[in-house]
Amino acid sequence: MNQQSDNTYHSWLPFYTLLKKEIRRFLRVASQTLVTPVITASLYLFIFGATLGERISVLEGFSYAQFVIPGLILMGIINNSFANVASSLFMSRYLGSIVDLLVTPVTPTQFIMAYTLAAMLRGLAVGLVVWLISCLFATLPWAHPFAAIALACLASFLFAQFGIIAAVYADNFDTLSMYTNFIILPLIYLGGVFYPISILPPLWAKLSHLNPLFYLIDGFRYAILGVGDLSFVVSFCTVTAMALGLFAWAAILIARSYRLRN
Amino acid sequence: MTIPALAIHNLSKEFDGAIAVNDISFTIEPGEIFGLLGPNGAGKSTAINMIGGVSRIGSGSIEIFGADNQKDYRTTRRMVGVMHQEIVIDNFFTIDQALRLHAGYYGFRDDEAWRLQLIDRLGLKPHLHKVMIKLSGGMKRRFMIAKALIHKPRLLILDEPTAGVDVELRHTLWDFVREINQQGTTILLTTHYLEEAEQMCDRLAIMNHGKVIALESTKTLLQELGTRTIIVHLQEPITQAPENLCCQATDLDKTGTLLQLTLSASQPTGDLLQRLCEIGLSIADIETRSAGLEEIFLQMTKAGRVEP
Numbered sequence: 005m006n007q008q009s010d011n012t013y014h015s016w017l018p019f020y021t022l023l024k025k026e027i028r029r030f031l032r033v034a035s036q037t038l039v040t041p042v043i044t045a046s047l048y049l050f051i052f053g054a055t056l057g058e059r060i061s062v063l064e065g066f067s068y069a070q071f072v073i074p075g076l077i078l079m080g081i082i083n084n085s086f087a088n089v090a091s092s093l094f095m096s097r098y099l100g101s102i103v104d105l106l107v108t109p110v111t112p113t114q115f116i117m118a119y120t121l122a123a124m125l126r127g128l129a130v131g132l133v134v135w136l137i138s139c140l141f142a143t144l145p146w147a148h149p150f151a152a153i154a155l156a157c158l159a160s161f162l163f164a165q166f167g168i169i170a171a172v173y174a175d176n177f178d179t180l181s182m183y184t185n186f187i188i189l190p191l192i193y194l195g196g197v198f199y200p201i202s203i204l205p206p207l208w209a210k211l212s213h214l215n216p217l218f219y220l221i222d223g224f225r226y227a228i229l230g231v232g233d234l235s236f237v238v239s240f241c242t243v244t245a246m247a248l249g250l251f252a253w254a255a256i257l258i259a260r261s262y263r264l265r266n
Numbered sequence: 059m060t061i062p063a064l065a066i067h068n069l070s071k072e073f074d075g076a077i078a079v080n081d082i083s084f085t086i087e088p089g090e091i092f093g094l095l096g097p098n099g100a101g102k103s104t105a106i107n108m109i110g111g112v113s114r115i116g117s118g119s120i121e122i123f124g125a126d127n128q129k130d131y132r133t134t135r136r137m138v139g140v141m142h143q144e145i146v147i148d149n150f151f152t153i154d155q156a157l158r159l160h161a162g163y164y165g166f167r168d169d170e171a172w173r174l175q176l177i178d179r180l181g182l183k184p185h186l187h188k189v190m191i192k193l194s195g196g197m198k199r200r201f202m203i204a205k206a207l208i209h210k211p212r213l214l215i216l217d218e219p220t221a222g223v224d225v226e227l228r229h230t231l232w233d234f235v236r237e238i239n240q241q242g243t244t245i246l247l248t249t250h251y252l253e254e255a256e257q258m259c260d261r262l263a264i265m266n267h268g269k270v271i272a273l274e275s276t277k278t279l280l281q282e283l284g285t286r287t288i289i290v291h292l293q294e295p296i297t298q299a300p301e302n303l304c305c306q307a308t309d310l311d312k313t314g315t316l317l318q319l320t321l322s323a324s325q326p327t328g329d330l331l332q333r334l335c336e337i338g339l340s341i342a343d344i345e346t347r348s349a350g351l352e353e354i355f356l357q358m359t360k361a362g363r364v365e366p
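Heads up: the sequence lines are chains H and D, in that order.
For the first sequence, this note's numbering assigns the number 5 to the initial residue and increments by one for each residue that follows.
For the second sequence, this note's numbering assigns the number 59 to the initial residue and increments by one for each residue that follows.
Since the hints were derived computationally from the structure, they do not count as laboratory data.
We put the CB at the ideal spot given by N, CA and C, even for glycine.
Do not rely on the hints blindly, as some may be mistaken.
Covered by chain H, per the in silico footprint, the following chain D stretches (three or more residues, Cβ under 8 Å) [what the hints assert, rightly or not]:
no., stretch
1, 106-119
2, 128-142
3, 149-159
4, 162-173
Let's have the full structure, built from the sequences with the hints guiding it.
See below:
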């Protein structure tokens, strides 16, 4: 049986296999991972685009639907990038199947890259479908398309890292859902998805600047609509710094196998 | 000089101040079937987890075919296949999908002929396209064996592979293990079925309280540490067991016709029989029973409990 010397070892194959497994995992339960978030986003679009939106105006020169769509696309990207890696990695830890990876030559870099890329793909796929559906409600000017794509990728990357961190620290499903319910959702809703920060009273507007998602949402809206509360450079640099910070954190956890190997 | 399949040097591991593995050292030669035995909590699984890469090493070192399993883990892990004690499966995939994926984790492309051979030998064919969650416990165990072997490891680690499995699977498994061992794969196994260890293993290490308390070839262990019981049926009853028989233990039943004598494995039976004749006992029949690994194991681990 020892024909291993005849087999060629491909150092990139562990990464590719783990990536393939992660993609297959979310495609296998596509009704939960892809369809549900798109339906949720479509409901928001219907409410704010076709019903309430016609009575609200928050940004001169743009309909409320046009204002809210960038935030909804980003919300889909953020939630799904986070959920993909957080649920997959946490389930592996919780059910013990993580040992299947721990005994293999998968390196920490390959581990992070595979989980991150799969999460980004799911997040960006949901974002793309939300944008396609949004075309039924409003047309977006796409003022700076490359900047929008860069920020979308950065957002999915950032929340994939956050997903890794959450999955490592979570002790049970309750703790894991707390990351979504008590951190991500409030930050998204208070970060300017549904309103421009400029319409808030001065104190609340200042406090909003402490919300990291404000920079992401405002930058993305600027890239699509061409207007924002902040300069794009400030938004982009802040988001990049956050992404690098979380990446470093996640990388240290995985490199040390923190809470993965005892 | 042959490079050992596995060389463990002064390996230790603590969990929250409790010593799980305490300075153990041993080597396994290529092609051996080596048994690691011990009661629950002896430290067997902790040792195996450190060898396989599931746990970090506390102190000491592990070499697999000459490569350090910490510094050169990408090489060593490719050479090791581990079947874990607990059932570890990913419910999202079918047996076929999971086996293909698993080869890839090790950096090897799917070898269809080998995959099909594993599927066939382990009786997985009828369940190939079922998702894991729908498999019976026995099928999951079979799949785990296939998974541990899919990348053709040079060292196969089986941690309690027959725990809770039926007789048929047990036979299938051991036949298959013997077959792959004959083809050159080194086997390290732990089992609670000592009869299996006695039949399968070339050498044994017995662990207790994190330490290796015996390390011998199975034959030597049985010879040196085993005992034989001679049951002498007497024609005429006696009232008291004879003294000075040089036995480890002497016992006479209530009828006075059944004398049970315990000898060490190395003590010749002929001397004892001669002594019995000299005393003038009228012997009707003699039975001999050899103590197996189970008795040795119990004897050693019990002693270990008294004086850990």
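Taking the hints in turn, this is what the structure says about them:
Proximity of the stretch 106-119 of chain D to chain H, defined as three or more residues with a beta carbon under 8 Å from a beta carbon of that chain, is established by the 6 residues found. Chain H is given as covering the stretch 128-142 of chain D, and this holds because 9 residues of the stretch bring a CB closer than 8 Å to a CB of that chain, at least three being needed. Under a criterion of three residues with beta carbons nearer than 8 Å to beta carbons of chain H, the stated coverage of the stretch 149-159 of chain D is upheld, 5 such residues being counted. Interface restraint, the stretch 162-173 of chain D with chain H: holds (7 residues with C-beta to C-beta distance below 8 Å; minimum three).
Comparing the model with each numbered hint stated earlier shows that all of them hold.
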